[in-house]
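> Read top to bottom, the protein sequences are chains H and S. As numbered in this note's numbering, the first sequence has no gaps in its residue numbers, which increase by one up to the final residue, 618. As numbered in this note's numbering, the second sequence has no gaps in its residue numbers, which increase by one up to the final residue, 1337.
A few of these clues could be false.
[To be verified] If you want a taste of the chain H side facing chain S, the calculated C-beta under 7 Å gives, among others: (1) 236; (2) 239; (3) 423.
[To be verified] Covered by chain H, according to a simulated footprint, are these stretches of chain S (three or more residues, beta-carbon under 8 Å): (4) 1062–1071; (5) 1088–1098; (6) 1303–1317; (7) 1324–1334.
Treat the hints as calculated values from the structure; they're not laboratory data. None of these values were measured; they are calculated from a predicted model. Glycine included, each C-beta is placed from N, C-alpha and C at the ideal position.
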Amino acid sequence: MDVLESKRPSQPLEAVVIRFVGDSGDGMQLTGTQFSDTSAMFGNDIATFPNFPAEIRAPQGSLYGVSGYQVHIGSVQISTPGDDVDLLVAMNPAGLKTNLHAVKPGHTIIVDTDAFTQKNLDKAQYESNPLEDGSLANYRVIEVEMTSLTKEALKDVDGLDNKSITRTKNMFALGMVYWMYNRSMEHTIEFFNTKFKGRPEIVEANTKVLKTGYYFAETLELIPNAYTVSPAKMEPGTYRIIMGNKATAWGFLAAAEKSGMELFLGSYPITPASDILHELVKHGHFGVKSLQAEDEIAGISSAIGAAFAGDLAITTTSGPGLALKGEALGLAMMIELPLVVVNVQRGGPSTGLPTKTEQSDLLQAMYGRNGESPVIVIAASTPANCFRYAYLAAKLTLEHMTPVVLLSDGYIANGSAPWKICTVDEMPEINNHRFKSNGEEWHAYDRDPDSLARRWPIPGTPGMEHRVGGLEKHQVTGNVSYVPENHEYMTKIRAEKIKRVQNYIPELEPEFAQNGDLLVVGWGGTYGSLHSAVNHLAEEGIDTIGYAHFNYLNPLPKNTEELLKRYKKIVVCELNNGQFAKILRMHFDGYDIVQFNKIQGLPFGNTELMEKFKQLLK
Amino acid sequence: MEATADKKYTFRDFESDQEVRWCPGCDDYVILRSMQKALPEMGVKKEDVVFISGIGCSSRFPYYMDTFGMHGIHGRAPAIATGVKLANNDLSVWVITGDGDSMAIGGNHFIHVLRRNVDLNIVLFNNEIYGLTKGQFSPTSLVGQKTKSSPYGNTQPPFSPGELAIGAQARFFARIGGNTPKEMTQIFIDCHNFKGTSLVEVLQNCPIFNNGAFDQYTDKKVRADRQLFVEHGKPMIFGTNRDKGLILNGLKLEVVTIGENGITEEDILVHDAEEKDPTLHQMLVRMDYPMITGIIRRVKDLTFEERENAQREQVKKNSKFKKTSDLFYSGDVYQVI
Ligand code: SF4
Chain H
1 MDVLESKRPS
11 QPLEAVVIRF
21 VGDSGDGMQL
31 TGTQFSDTSA
41 MFGNDIATFP
51 NFPAEIRAPQ
61 GSLYGVSGYQ
71 VHIGSVQIST
81 PGDDVDLLVA
91 MNPAGLKTNL
101 HAVKPGHTII
111 VDTDAFTQKN
121 LDKAQYESNP
131 LEDGSLANYR
141 VIEVEMTSLT
151 KEALKDVDGL
161 DNKSITRTKN
171 MFALGMVYWM
181 YNRSMEHTIE
191 FFNTKFKGRP
201 EIVEANTKVL
211 KTGYYFAETL
221 ELIPNAYTVS
231 PAKMEPGTYR
241 IIMGNKATAW
251 GFLAAAEKSG
261 MELFLGSYPI
271 TPASDILHEL
281 VKHGHFGVKS
291 LQAEDEIAGI
301 SSAIGAAFAG
311 DLAITTTSGP
321 GLALKGEALG
331 LAMMIELPLV
341 VVNVQRGGPS
351 TGLPTKTEQS
361 DLLQAMYGRN
371 GESPVIVIAA
381 STPANCFRYA
391 YLAAKLTLEH
401 MTPVVLLSDG
411 YIANGSAPWK
421 ICTVDEMPEI
431 NNHRFKSNGE
441 EWHAYDRDPD
451 SLARRWPIPG
461 TPGMEHRVGG
471 LEKHQVTGNV
481 SYVPENHEYM
491 TKIRAEKIKR
501 VQNYIPELEP
511 EFAQNGDLLV
521 VGWGGTYGSL
531 HSAVNHLAEE
541 GIDTIGYAHF
551 NYLNPLPKNT
561 EELLKRYKKI
571 VVCELNNGQF
581 AKILRMHFDG
591 YDIVQFNKIQ
601 GLPFGNTELM
611 EKFKQLLK
Chain S
1001 MEATADKKYT
1011 FRDFESDQEV
1021 RWCPGCDDYV
1031 ILRSMQKALP
1041 EMGVKKEDVV
1051 FISGIGCSSR
1061 FPYYMDTFGM
1071 HGIHGRAPAI
1081 ATGVKLANND
1091 LSVWVITGDG
1101 DSMAIGGNHF
1111 IHVLRRNVDL
1121 NIVLFNNEIY
1131 GLTKGQFSPT
1141 SLVGQKTKSS
1151 PYGNTQPPFS
1161 PGELAIGAQA
1171 RFFARIGGNT
1181 PKEMTQIFID
1191 CHNFKGTSLV
1201 EVLQNCPIFN
1211 NGAFDQYTDK
1221 KVRADRQLFV
1231 EHGKPMIFGT
1241 NRDKGLILNG
1251 LKLEVVTIGE
1261 NGITEEDILV
1271 HDAEEKDPTL
1281 HQMLVRMDYP
1291 MITGIIRRVK
1301 DLTFEERENA
1311 QREQVKKNSK
1321 FKKTSDLFYS
1331 GDVYQVI
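Given the sequences, and given the hints that come with them, work out the whole structure.
As structure tokens, then:
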């Protein structure tokens, strides 16, 4: 059936934020993904934010076992998963308790009343039942006996045990939300058919419950009004929904194809980076060689070996893993080999908050090695542009013969957004420094006069035998050298080589006001939040606020200082305690640089940003 | 398989222009020369040979070989070498390591490379001491050994490299004295010819910090009576008069004398390096009278690359994706007009 045909009163909205929360076993991630995929296909712009507990199976009903998935859909351009929730679907008391604060007063909450048992209320540390004590008076609460209705719907389906029955109740919720937002169930039903192929009873059960939820919302008039979110205006083209980590993996696949090189991945599983490994191991057909190593150090070390032997080599990790890789990264820097290290940042220090997001590895990426050991550091800023920056990381490392650290974070890595599909033909050329002498004298550390990249003679090439290593090398021959002046020269040339990357990266163009009172500065995964906050202010008519977002962190774009000069005040917004602000202050003296920092393992919210900017503009 | 050299090299072809800087009298010189002599016999092209090392005295080795080489970081050579081999299966890849490098800081990589059975060769210079850092005890130093960091005697029981390696599923393990270059050269050639990870432990004398550590087995005067050089398919006989041998007594190996107590040569155990069950190999490795040298274990198995390549070929054959664009446009895509 085509639900778009059905007529009912509805209220058009520009954008809506929906959050599904429940126990980590309640299937909230699946529910959220289905809703966002369906909306994207309907033509909405979307941004999503899964938020799950660190514990794989936390005790049922507990506060810390709550798993959530937020999706922001809109007919306008959406750049963040949103902060104020318009609709909260809470599958249990713990979910309600931990998420209520995000719901705008007057907005809607759907709860499964069957889950509001005394036991669950106790686990959620509720003294009284919030559905009865009036504490939800400011919200529109839709109480549904979801578990019982699900059971009832499935009483005639054979071959299901109790567990599989209650497990499908998330589809009841999804069905209701589909009706409310005028979405077709088709995509999800198709998904059941592929996903549970060979298990017809599961397909039937899920489909049935989804439809039951949908019709329940329609017929029982429990929902007073329904919303429509019409398609967004997006650049024409072919799109797909992509998660940041997958986009990162695909960026490397594209770079390998474009450069004609084989991709090698050495990696050790770590949250939230493992999905890149999971994705790349699927693609042996593109010649990808992947090694799940015995530890983080072996992950990067094997990649260094592969780079020495001529592959496009990468390693993927998160903060603690980058710490372990530090010594090896120093080796790659010292022997000047191409290598990309992807760090999907998470909350730290130490084990920190593995499933939460943060931007606190910037200084580690820049300086977390012994000795003077500069590397290129760049950062992706949206789930979709992880593709582009992974590709560019590969390009930079091959063209400059130095390691590149690519920073992503838990927020964009797990978030998904529409990606306008981009093929290798549309991407820039990738060159490399593979070298074979035609009889002329050569040395492994002869450098390209412009980029200072050294030559890359690889094993298997006759006459190119040479040795490299972590000991300081003579500036030309690469042989071990303890000569004091040589060490100073080599230290400086390695630094200069990174600095010259400035000549190959784009200058920074601020958005909104090109000069004025306040420059909002961000880097990495905060693009969505910062852009949307500045955009709101611009829409309110404030025209003295500009926004500069850095994807290139070391070296900085050439025109950085010129840009800072154009504004009276600069606010550097980061999900850390001020790391990029430190870097800017270090490089550029005499500017009024203030900080806005959030260190809660969560992305910035729109409201807090707007308030801060307004206050600074006063 | 590596391409064969059409030109016949001599050991001089494998000498680099770097001055060798080990201490005078160090067995490392013997190992270096034995390797330079072994390489021309392997029929491998010079440009296909890669030496990867970690940190320590032994790890300077790649600088002295006129092949491709990398002096890596402490303990990580097996991991680096794994990457080299996976990137290019045609290379002859060698790991040069020491007892501290491979079994202390690099213990994890050491066991895992053996477990995976990557087709590379590991030469372990075991001198039972830290040389480069000037004389601390190592994971193979004996209990009671007095060193700079154990002035009252070492209290940490040692690893036996072979026991550890076979426990980690090593398919090939050999041991050789640091003062027997001819046998060492042959073992290096055998390592090269073996498909899978081959490990050779060299009992390497460090005259500076642990002089004479192996004299009781390796000294010319006692060698014949204290060392048993095993060969696959041959009875395990040793002694100046070739009258000593090994028999299995219950669950223990026992040294017997041929001609005494009715023992004849027929009774002596025949060495089977290719037996999959590691029990007897482990017993041989653990003996200290006689010290067993030669190839103790050599068991055929698929290499890691063979398993990986076969799987990749299978995936390739079944895949509907030829180019990345096929992947990017697959599944749920939609148009925005
Ligand atoms: S310290 Fe010992 S092992 Fe090292 S080079 Fe000198 S003698 Fe050889």
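> It remains to establish, for every hint, whether it holds in the given structure.
So, going through the hints one by one against the coordinates:
1. 236: holds, 6 Å
2. 239: holds, 6 Å
3. 423: OK, holds: residue 423(H) within 7 Å of chain S, min 4 Å.
4. 1062–1071: With 9 residues close enough to chain H, the hint holds.
5. 1088–1098: Held - the region 1088–1098 of chain S has 3 residues with a Cβ nearer than 8 Å to chain H, which meets the minimum of three.
6. 1303–1317: Since three or more residues must qualify, the claim that chain H covers the region 1303–1317 of chain S holds, with 5 doing so at under 8 Å.
7. 1324–1334: holds (count 9)
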